[in-house]
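All chains, full assembly: derive it from the sequences and hints.
Each chain, letter by letter, is given below.
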Amino acid sequence: MESTILKNTYEINAGEFQTAGDVSANIKRKLKQIGIGGTVLRRIAVASYEAELNLIIHSHGGKLTLEMTPSSIILTSADVGPGIPDLSKAMQEGYSTASEEARDLGFGAGMGLPNMKRNADGFSIESEVGKGTTIQMRFDVKDA
Amino acid sequence: MTIRELVTLLDARVLCGEDKLDQDVNNAFSSDLMSDVLAFVTDKTVLITGLTNIHVMRTAEMLDIHCIVYARGKIPSDELLEEADELDIVVLATAHNCYTTCGLMYEAGIRSKNVRTGA
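Same order as they appear, the protein sequences are chains G and S.
Every letter in the first sequence is one number past the one before it in the numbering used here, and letter 32, counting from 1, is 32.
Residues are numbered in the numbering used here as their position in the second sequence, beginning at 1, plus a constant of 144.
To be clear, the hints were calculated from the coordinates, so they are not data collected in a lab.
Please note that a few of the clues may not be correct.
Unchecked claim - Short derived list, chain S residues pointing at chain G, Cβ under 10 Å: (1) 179; (2) 202; (3) 252.
To be verified - Derived lysine-lysine pairs resembling DSS-like cross-links, with alpha carbons at most 30 Å apart: (4) G:142 with S:218; (5) G:30 with S:218; (6) S:218 with G:7; (7) S:164 with G:89; (8) S:188 with G:30.
Since the model is a prediction, treat every value here as computed from it, not as a measurement.
Backbone N, C-alpha and C fix where the C-beta goes; we use that ideal spot for every residue, glycine too.
See below:
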């Protein structure tokens, strides 16, 4: 197991649409400061924003954790419910259970989870109804 | 084409970023659905939209979108323009609708990179 250089955890509250993206913008700026750039930075930012939006739109609240090792960035989204009943459906593009409120803001098109998977170099999701969902994404970085 | 030439092409007003108009325009994408912008945009892109909420700016920030064109006469709030200014994003406004805006840009040679087909 590689040593962790940096670890930050951000609380995300359910339903807080107005500040959606603040955490991911913060993460992006922080990574940029330490020399991460280009395509990988954009992929991390997009995946982080999708995870943040999902926590706001779908969860009862949760945490987004940013970890850095010498070779990779790990983003973990862990919420306290409600859990996803059918993961294979949730991973399909276009399948969405988002509220009208989320859709009015331009989100909830059912692209979030597949988009996270596409942008990450490693992706895992575990969910249990009544308990919560945990998503882990790995991004490989060079010379970081 | 530069953003300055785009302003002329679209008969647009510059709402923000007057000093950044000499950047190149190579790629464009149009949607009011930010979910799709997040899923389809992978390169430095001009975004054509009619959605004026703050999430457009957040989405643009994540994707390094350097220019937003507000179509069909939509004007974003001052708060949004201040945010765009901080993020060095150029904001234009045109009276043309999205269809016509895209048509004019396509005719001028600007294409959209399709991330799914690589075209």
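Hints versus structure:
1. Against a cut-off of 10 Å between C-beta atoms, the interface hint on residue 179 of chain S holds, since the closest Cβ of chain G lies about 4 Å away.
2. Interface hint status for residue 202 of chain S: upheld, as the beta-carbon distance to the closest one in chain G is roughly 3 Å, under 10 Å.
3. For the restraint placing residue 252 of chain S at the interface with chain G, the shortest Cβ-Cβ distance is roughly 26 Å, beyond the 10 Å limit, so the hint is violated.
4. At roughly 42 Å between alpha-carbon atoms, residue 142 of chain G and residue 218 of chain S are farther apart than 30 Å, so this suggested pair is violated.
5. The suggested pairing of residue 30 of chain G with residue 218 of chain S is violated, with an alpha-carbon distance near 33 Å, which exceeds 30 Å.
6. At most 30 Å may separate the alpha-carbon atoms for a hinted pair to count; residue 218 of chain S and residue 7 of chain G exceed this at roughly 41 Å.
7. For the given pair, residue 164 of chain S sits about 44 Å from residue 89 of chain G by alpha-carbon distance, which is inconsistent with the 30 Å threshold.
8. At most 30 Å may separate the alpha-carbon atoms for a hinted pair to count; residue 188 of chain S and residue 30 of chain G meet this at roughly 21 Å.
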